Amino acid sequence: MNDKALRILEYTKIIDLLCEQAASDMGKELCRKLTPMTDIDDIKRAQRETSDALFRIVKKGSVSFSGLKDVGMSLKRLEIGASLGMSELLALSSMLNVASRVKTYGRRETDDESRDCLDSMFEAIEPLTTLNREINRCIISDEEMADDASAKLKDIRRHIRIANDRIHSELNSMVGGQRTYLQDAVVTTRAGRYCIPVKAEYKGQVPGMIHDQSATGSTLFIEPMSVVSLNNELTELAIKEQNEIERILLELTERVNFEQEYIDADLTILVELDFIFARAGLALDMNATEPIFNTEKRIHLKQARPPLIPRKKAVPIDIRLGEDFDLLVVTGPNTGGKTVSLKTVGLLTLMGQAGLHIPAWEGSELAVFDNVFADIGDEQSIEQSLSTFSA
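Just so we're aligned, residue 1 is where the sequence shown starts under my numbering, counting upward by one.
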């Protein structure tokens, strides 16, 4: 299809409406790339997908693809042996939550229900519940690992709390007994070490290691000698904690790597379903129907409405062409709807060949064209109700 016709007939505005229906960035990207097809089998397949998704929405309500994250880069990182971070694993978990929700939505209520073209896609989804549950058990947020992620991590963090309590107890007693020497009666940290703020002129009264000073130089942040060993212990525990977190992440990564084939397939299916249900959602909003396609260049639109004009304002039209005659002359007064009628035929043809339903009565027919051309007045906008004359 030539780009000029797509622009003149405002096909891109239909694509904008379609993108609003998709939940994921990847689904929106498929919507943006949607162009009219010229193979009738491909068109009928896409139309059937849209119809089956629309039937499910009407019968069971919409399915939410919210939370579908693009984990493609994470999967590529697995291929080079990289370990996944907490945010990547949570994104994967979010995708698996969507997979579980969509899988449940796609199940048939009874075995004797007739199947549709989407059943195989729903059945191929693997929610990987065990893996998802393990990720959620271990990871609380993008930057926080759960204490119960492993017995060793829980024990390390218990010792960290004990060491922290001992340091605070020691420093609080010093703060309470040496207020004369201190700028403020607080315990603070510098470079990960617990310190107290000592007035510069009293630095000799508080033996310890100086880690920093205030901008004015009047305050020194000193780590008292009495807590140096405790701070060292805390630093060692922090290193152990980080090592254990990395070990857990590596273990989770290995489990993800083992299921990579299923995850890759899930992502592809979910994005495709998001795209299909976006088309169905647009059809629902437009009160659109599936057109009948032919290869005999025959058009028969019944009560077709311009899709970019609000439904209550749009004037439906009936158009026949290619049966008893193959030339149609449209006449009428200025601002009488001639251009809108022409653009409606062209735009609905483009929509239909893209697998989208059209705002017309059931039984409307469209032909499959290898190309659509448009040379319409001043290229005015249907959406703004501008005719060739008024433009």
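It is worth saying that the hints were derived from the structure and are not from the lab.
Each hint should be verified, as a subset may be incorrect.
To be verified - Listed next, the in silico DSS-like pairs over lysine-lysine satisfying Cα-Cα at most 30 Å (straight line): (1) K240 - K154; (2) K69 - K103; (3) K312 - K28; (4) K199 - K154; (5) K338 - K28; (6) K76 - K33; (7) K338 - K4; (8) K338 - K13; (9) K240 - K13; (10) K76 - K59; (11) K33 - K13; (12) K69 - K4; (13) K152 - K103; (14) K240 - K44; (15) K60 - K4; (16) K69 - K59; (17) K33 - K44; (18) K13 - K59; (19) K312 - K59; (20) K60 - K28; (21) K302 - K59.
Here the structure is a predicted model, which means the values were calculated and not measured.
Those earlier numbered hints the structure runs against, lowest number first: 4, 5, 9, 10, 12, 13, 14, 15
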